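Residue-level listing of the chains:
There are 2 protein chains.
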Amino acid sequence: MALFDAALAASAAAVEAMLERVLPEDGGPERRLFEAMRYSTLGGGKRLRPFLVLAGAKLFGVPEAQAARAGAAVELVHCYSLVHDDLPAMDDDALRRGRPTCHIQFDEATAILAGDGLLTLAFEVLAEEATHPEPEVRASLVLALAKAAGAHGMVGGQMCDLEAETRTLSLEEIKRLQRMKTGALFAFSCEAGAILGKAAAAERQALLAYAEDLGLAFQIADDLLDAEGTELEVGKRVGKDAGAGKATFVSLLGIENARKEAQRLVQRARSSLAIFGEKGEPLCELARFVIARRA
Amino acid sequence: MALFDAALAASAAAVEAMLERVLPEDGGPERRLFEAMRYSTLGGGKRLRPFLVLAGAKLFGVPEAQAARAGAAVELVHCYSLVHDDLPAMDDDALRRGRPTCHIQFDEATAILAGDGLLTLAFEVLAEEATHPEPEVRASLVLALAKAAGAHGMVGGQMCDLEAETRTLSLEEIKRLQRMKTGALFAFSCEAGAILGKAAAAERQALLAYAEDLGLAFQIADDLLDAEGTELEVGKRVGKDAGAGKATFVSLLGIENARKEAQRLVQRARSSLAIFGEKGEPLCELARFVIARRA
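Line by line, the protein sequences give chains A and B. Just so you know, the working numbering puts 99 at position 99 of the first sequence, and the rest follows in order with no gaps. Just so you know, the working numbering puts 203 at position 203 of the second sequence, and the rest follows in order with no gaps.
Next comes chain A alone, as it looks inside the complex (with noise of 0.2 angstroms):
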C-alpha cells in the first residue's frame, strides 16, 4: 500500500505540474476569473481520475506527459462540476476540500464563469497537439470527453441529482443516476488511457468494465463518508443527504450491505483488469484504496 501511496503522489504531481501550466495566469482586468479558476482547481484533490488516466495510458506505453494532459483535462472538468454544483442554486455548499468554495471565496458570478471556463479549457488542452500526434486520437479523445460530461453524462446525472429531491428514487434509480452523475466521468478516465493508447477493443472494453463498477463502489463510499465521516475529516459538509431526506446507497440499503456491495463491485472491477496481468496492479490498488479512503 505504501507503494500505492507513491503511485499515487507521484500521479498527482505529474497532473498538478501540467495544471499549473495550461491554466491562465495575470490577464488585465479579467485576472479575478484566472485567480478563481488557479483557486478551484490547483493545490487539492485526490486526483483520482487522473490517476486512472495516467495508470490506464502506462498499459499501454503511452508517455506520461501525453497522459498528464488528458489527466490535466479531466480535472478540470472535474473541478469545475464542483464549482457549479457548490453554487447557492445547487448545493449551496460553503467548503470544499478543506477550503471555502469558489463563490464564498470570489463571489457567485465570478464562480459561474469560473467553471464555464474550466470546462471550456478541457476541451482546449485535448485538442492541442502535444496531447497526441494524431489528429484523429484528439478528436476521438474530445468527443468522448464532450459525451462523457454532458447531457447524457454528468450534467444529466446532476439534473437527475437535483429530481431526487422531490422524490424517493428506488436502487435501480440511484444507479444510474450515479452511473451519469460520476460514472461516467471516471469512464472517460479509464478510456483516456485506452484512446492515447490506440488498445485493442477488448482491453478498451476490460477498462470500461472497470471504470464502471469502480465508480458505483466510488458513490458508495462517499455515501458511507457522508454518513458516517467528520466533516474535519471529508473536508466538506458531511451528513446533507440525509437532511435533505435523500434517498442513497446507505439509506437504500443500510450500512453493512452497503459496505459489502462497495467490496463486492471492487472485487469485480479488479477482475475485469486480469487482462492486464501484473500491469493492471496500480488499477486494482485504487480500486482498494476508493473503498478504504477516509475522505
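FYI, nobody ran anything at the bench for these hints, they're computed from the structure. Because the structure is a prediction, the values reported are computed rather than measured. Hints may contain errors.
Here are a few chain A residues that sit away from chain B, every Cβ distance over 12 angstroms (derived from the structure) [unchecked claim]:
hint: 1; residue: D5
hint: 2; residue: K46
hint: 3; residue: A94
hint: 4; residue: E212
hint: 5; residue: A227
So the derived list for chain A, only partly shown, Cβ under 8 angstroms to chain B, looks like this [as the list claims (entries may be wrong)]:
hint: 6; residue: A89
hint: 7; residue: E128
hint: 8; residue: R138
hint: 9; residue: L143
Result set (SDA-like, lysine to any residue): computed pairs, CA atoms no more than 20 angstroms apart in a straight line [said to hold, decoys possible]:
hint: 10; chain 1: B; residue 1: K240; chain 2: B; residue 2: D92
hint: 11; chain 1: B; residue 1: K246; chain 2: A; residue 2: G28
hint: 12; chain 1: B; residue 1: K175; chain 2: A; residue 2: G27
hint: 13; chain 1: B; residue 1: K198; chain 2: A; residue 2: E136
hint: 14; chain 1: B; residue 1: K46; chain 2: B; residue 2: A7
hint: 15; chain 1: B; residue 1: K58; chain 2: B; residue 2: K198
hint: 16; chain 1: A; residue 1: K198; chain 2: B; residue 2: E134
hint: 17; chain 1: B; residue 1: K198; chain 2: A; residue 2: E134
hint: 18; chain 1: B; residue 1: K175; chain 2: A; residue 2: G28
hint: 19; chain 1: B; residue 1: K198; chain 2: A; residue 2: P135
hint: 20; chain 1: A; residue 1: K175; chain 2: B; residue 2: R31
hint: 21; chain 1: B; residue 1: K175; chain 2: A; residue 2: R31
hint: 22; chain 1: A; residue 1: K175; chain 2: A; residue 2: L224
hint: 23; chain 1: B; residue 1: K198; chain 2: A; residue 2: E129
hint: 24; chain 1: A; residue 1: K175; chain 2: B; residue 2: G27
hint: 25; chain 1: A; residue 1: K246; chain 2: A; residue 2: G229
hint: 26; chain 1: A; residue 1: K198; chain 2: B; residue 2: P135
hint: 27; chain 1: B; residue 1: K198; chain 2: A; residue 2: E128
hint: 28; chain 1: A; residue 1: K240; chain 2: A; residue 2: A164
hint: 29; chain 1: B; residue 1: K46; chain 2: B; residue 2: R99
hint: 30; chain 1: B; residue 1: K175; chain 2: B; residue 2: E261
hint: 31; chain 1: A; residue 1: K46; chain 2: A; residue 2: P100
hint: 32; chain 1: A; residue 1: K198; chain 2: B; residue 2: E129
hint: 33; chain 1: A; residue 1: K175; chain 2: B; residue 2: G28
hint: 34; chain 1: A; residue 1: K175; chain 2: A; residue 2: L225
hint: 35; chain 1: A; residue 1: K198; chain 2: B; residue 2: E136
hint: 36; chain 1: A; residue 1: K175; chain 2: A; residue 2: L162
hint: 37; chain 1: A; residue 1: K246; chain 2: B; residue 2: G28
hint: 38; chain 1: A; residue 1: K46; chain 2: A; residue 2: L225
hint: 39; chain 1: A; residue 1: K198; chain 2: B; residue 2: E128
Note that beta-carbon positions come from the ideal geometry of N, C-alpha and C, so glycine has one too.
Put chain B on the given structure of chain A with help from the hints.
What follows is chain B alone, placed relative to chain A:
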C-alpha cells in the same frame, strides 16, 4: 436587401434544423434539463453567427451539412453564454428574445446546468465525424472554438464586463473588452468556414480582419439599441447600461459619433472582403445589416 433577407432566413432555417437534431430530447428524470436546453436554443434569435459560418464556408465550397454543424456549435455556445449571463448573480435579466429567460421559465439550478450542457454539446458536435471527414479539421475547429469561448476570449470578456461595473473604462479598454466578449466568437464564426474549407492563409486573414471590424460594429449597434430602442422592439430590457452607470461606445462617443464609427467599421469590414470578389457579397450585406437592424 430582400435577397439578403432570404439568405439570412435560409441559413437560420438550416441551423435551426441542425440544432433540432443535435439537442437531446425525451430522457428520464433528466428531461427537465433537455427541455431547458431546447427552450434556450430553439426558435429564436437572428442566428448571425451561424450565418457567418455558412457564408464563410460557401466561399470555399464546403458542403452545407458540414457548415450547418459548425454553425450549430457556435450558436450553442452563444446560447449557453446568454443563459448564464442572464442569471441573477450575473445580469439578472428576466426577458430574452421576447420570452422569459431560462432561469425564470425553469429555475436557477436548471439554467446553470442547461448552460453547461449546451457548451459541452458544442464540442461534441464539432468532434463528430459528420462535421468533417478529416480529424485534423475537427480538432482545429475544437481548438479554435475553445480559445474563442474561453478565459482569453468570451468568458474573460464577461469577467471584464463585471469589473466594468466598478469603474469607468476608457475607449481602448472597452474595445478590448468587446473584442473578447463578442469579437472572439464572431472571429471563430468567420474562421470556421476557412478551417472547414482549408482556405489559404491570406483568405483566412481577410475573414478575420472582416470579423474584427464586424464584431465592434455589432457591439456599437447594440449600445445604440440599448440607448435608443424600446423593450418591445429589442426583445430584452433596454437602457440598462446607462442605468448601471456603465461606459459604452455611446456614452464615450455620443450617439452621432458612435453611429459614424459603426459605419466606418462596416466600410472597412467590407473592404477586407475584396479578395473574394462577388462571392463576398452575402458577408458584405451582413455587415450592412448589422448596423441597420432594429433588434
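Here is how each hint holds up against the structure:
1. D5: 34 angstroms, holds
2. K46: 23 angstroms, holds
3. A94: Holds: least Cβ distance 16 angstroms, greater than 12 angstroms.
4. E212: Per Cβ check, A/E212 is outside 12 angstroms of chain B; nearest 18 angstroms; holds.
5. A227: Non-interface label on A/A227 holds, nearest chain B Cβ at 23 angstroms vs cutoff 12 angstroms.
6. A89: Interface hint status for A/A89: holds (4 angstroms vs cutoff 8 angstroms).
7. E128: 6 angstroms, holds
8. R138: Nearest chain B Cβ about 5 angstroms off; hint holds.
9. L143: 4 angstroms, holds
10. B/K240 with B/D92: 11 angstroms, holds
11. B/K246 with A/G28: Between B/K246 and A/G28 the Cα gap is close to 18 angstroms, so the pair holds against 20 angstroms.
12. B/K175 with A/G27: At roughly 16 angstroms apart (the allowed maximum being 20 angstroms), A/G27 and B/K175 satisfy the hint.
13. B/K198 with A/E136: 17 angstroms, holds
14. B/K46 with B/A7: This hinted pair holds, its Cα atoms lying about 12 angstroms apart.
15. B/K58 with B/K198: 12 angstroms, holds
16. A/K198 with B/E134: 18 angstroms, holds
17. B/K198 with A/E134: Measuring from Cα to Cα gives roughly 18 angstroms; hence the hint holds.
18. B/K175 with A/G28: 13 angstroms, holds
19. B/K198 with A/P135: It holds: about 15 angstroms lies between the C-alpha atoms, which stays within 20 angstroms.
20. A/K175 with B/R31: Holds - the C-alpha atoms of B/R31 and A/K175 are around 17 angstroms apart, at most 20 angstroms.
21. B/K175 with A/R31: Holds: B/K175 and A/R31 sit about 17 angstroms apart, inside 20 angstroms.
22. A/K175 with A/L224: Answer holds: A/K175 to A/L224 is near 15 angstroms, not above 20 angstroms.
23. B/K198 with A/E129: 18 angstroms, holds
24. A/K175 with B/G27: Status holds; Cα separation ~16 angstroms.
25. A/K246 with A/G229: Status holds; Cα separation ~17 angstroms.
26. A/K198 with B/P135: 15 angstroms, holds
27. B/K198 with A/E128: Since the Cα atoms of B/K198 and A/E128 sit roughly 18 angstroms apart, the hinted pair holds (cutoff 20 angstroms).
28. A/K240 with A/A164: 13 angstroms, holds
29. B/K46 with B/R99: 15 angstroms, holds
30. B/K175 with B/E261: 12 angstroms, holds
31. A/K46 with A/P100: 17 angstroms, holds
32. A/K198 with B/E129: With a Cα-Cα distance of about 18 angstroms, the restraint between A/K198 and B/E129 holds, given a limit of 20 angstroms.
33. A/K175 with B/G28: Measuring from Cα to Cα gives roughly 13 angstroms; hence the hint holds.
34. A/K175 with A/L225: 18 angstroms, holds
35. A/K198 with B/E136: With a Cα-Cα distance of about 17 angstroms, the restraint between A/K198 and B/E136 holds, given a limit of 20 angstroms.
36. A/K175 with A/L162: Holds, at about 15 angstroms.
37. A/K246 with B/G28: Satisfied, since the Cα-Cα distance of roughly 18 angstroms is no more than 20 angstroms.
38. A/K46 with A/L225: 15 angstroms, holds
39. A/K198 with B/E128: Answer holds: A/K198 to B/E128 is near 18 angstroms, not above 20 angstroms.
Of the numbered hints stated above, none is contradicted by the structure.
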